[in-house]
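Chemist: These are the residues of each chain, in order.
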Amino acid sequence: MNAPNIEYGILGPILIVLAAALIGVLIEAFVSRRYRYILQTGTAFAAVALAFLQLVLIRQTSSKAAVSSMSIDGVTIVLQGSVLIFGFLGLLLIAERGFQSFTAQAAAIPGSNEEQKALVSGLQQTEVFPLTLFAISGAMLFPAANDLLTLFVSLEVLSLPLYLMAGLSQRRRLLSQEAALKYFLLGAFSSAFFLFGSAFIYGQAGSTTFDGIRKSIVESGGSDQFLLVGLALLTVGLLFKVSAAPFHAWTPDVYQGSPTPVTAFMAAVTKVAAFGAAIRIYYFAVGGLVWSWRPILIAISIVTMAIGTVIAIAQKDIKRVLAYSAIAHSGFLLTGIIALSKDGLNATLIYLFTYGFTTIGTFAIVTLVRDSGGEVSDLNRWAGLGKRSPLVAGTFTLFLLGLAGIPLTSGFVGKFAIFTAAYKSGNISVVVAGVLASAIAAFFYIRIIVMMYFSDPVEDGTSVVIPSAMTVATIAICAVATLVMGIYPQPVISAINSLAFFAG
Amino acid sequence: MNPMNYIYLSCILFSLGAAGVLLRRNAIVVFMCIELMLNAANLAFVTFSRMNGTLDGQIVAFFTMVVAACEVVVGLAIIVTIYRSRRSASVDDARLLRL
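Order-wise, the sequence lines are chains A and B. Read in order, the letters of the first sequence correspond to residues 307 to 810 in the numbering used here. Read in order, the letters of the second sequence correspond to residues 157 to 255 in the numbering used here.
For the record, the hints were derived by calculation from the structure and aren't laboratory data. Every residue gets a Cβ at the ideal spot worked out from N, C-alpha and C, and that includes glycine.
Computed far set for chain A versus chain B, every beta-carbon distance over 12 Å:
no., residue
1, Leu328
2, Ser338
3, Val426
4, Val609
5, Val672
6, Ala748
7, Val790
8, Ile793
9, Pro795
10, Asn803
Residues from chain B shown here face chain A by an in silico Cβ test under 10 Å; the list is partial:
no., residue
11, Gly173
12, Val177
13, Val186
14, Glu191
15, Leu192
16, Ala197
17, Phe204
18, Ser205
19, Thr210
20, Asp212
21, Phe219
22, Val230
23, Gly231
24, Val236
25, Leu252
Could you put together the complete structure from these sequences and hints?
Modeler: This is the structure:
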């Protein structure tokens, strides 16, 4: 019997990040506190940069890897590249000077002497870096997974660190812990559905690999009940991760309670990873069942867009507004999956790439507006920001216009591509709903802009802090990406068009 | 014995677990119900493995046990922290995050 062959070269990007995460755990355990921060940040940034370099080197690959449990093809490369870029930007925010967003000791009781002592004497734990790296490696595995087992394991590698990271906030720790509890219980609940669904798909297909499932659908004509039940349950698990309605209830709470840098990271990275996995499942594995799943996804997409946009109008907290906007964007992204065409595939990848920059930039700005008690997320206190800090308000306006999909921002390019693809595939209903939802969404984005520029500043100690180079760099990169991809999107679009193919 | 019976059993266990998650109030009990759901999935995997005559399902069951163990570590850490700061592990008390 031959030993299985592991293709280290093309799995390199994932392995580098995983190795760095393990090194990070060792640093946290053995290195003296004084050097930990510098070593942890050094390892994390170096690992993500190296992994990206390796990814660029293997960009022409299109093959199965690790005994066909993974598929490293153009689609995977684009998605892994996006995850690494957004992971890097997220790490920049997390590593922000003074570590203001993170609790010194997550295990200390909020308000206890222990906690005070840890804060005052600077006994800061830095376990958030290895956790972030584990989450990044899970997010890179998730879209590459080519069988149900790898898919499940990578889902957990992505999710488990995020549950913990949601509870690490320094201010308002009870809220943060509550967010972690809600995220964990609902996440574990949905992954149980995901696993049970996988069992039924395996039961019908007789194989856990996507190739095997695809073949069995062709052979059986897609009429089997087990397969449909399994796919329905699997869909529940996936839709929870992308926060589509009616499985969106965790999103606003978790986005609000988590430390803002973690929210930025998770908003961009989990969306890319989860939609990446969804693309591979619906396009490749169960593409033959399209007449069964398309009507359901159309309904879910329309409901998601409606709930995301309508409820966002009533929100008073900036992070909750952005959470509902993330839900609405999930609805828009689902139209790309519904299209089930090469256009739809390209459009989804372009949308994910542009959306990630804009959303990280938005949350990066939220970390800047503070008072003595920490970040100010109450929308009313953002009034008049345009008069006090025109530069910050201006950049925030750019990001909001990007989220709304106004022309000359990258959001427009993504939306245009995805709605065109859905229209060409003949799904007019979802396009009409999408355009209507975009119009309603524009209302609450513009309401925030109006509030920043046309109301008088409130004098209650709200101010914009001067950030360190890391946050400035993040915001600058995101703003430039939002603007450049809006004005001159051709290079990105053609690069993604030429890469995005599945390995057969 | 007809292996389908094990599938029925796993469906019953899964439904019991899901009902428990929705009905119980204590975070630890909710979490135990989620573990029950994972084990129901394991039973389904092993049974399908027997019905299909392939070993994949049994291997998945092993991985599920490992993942469930990891989930216990993370889950108990979160639940114990929240219990220590509030003196309660009821999921109804966790309601600071509201509109």
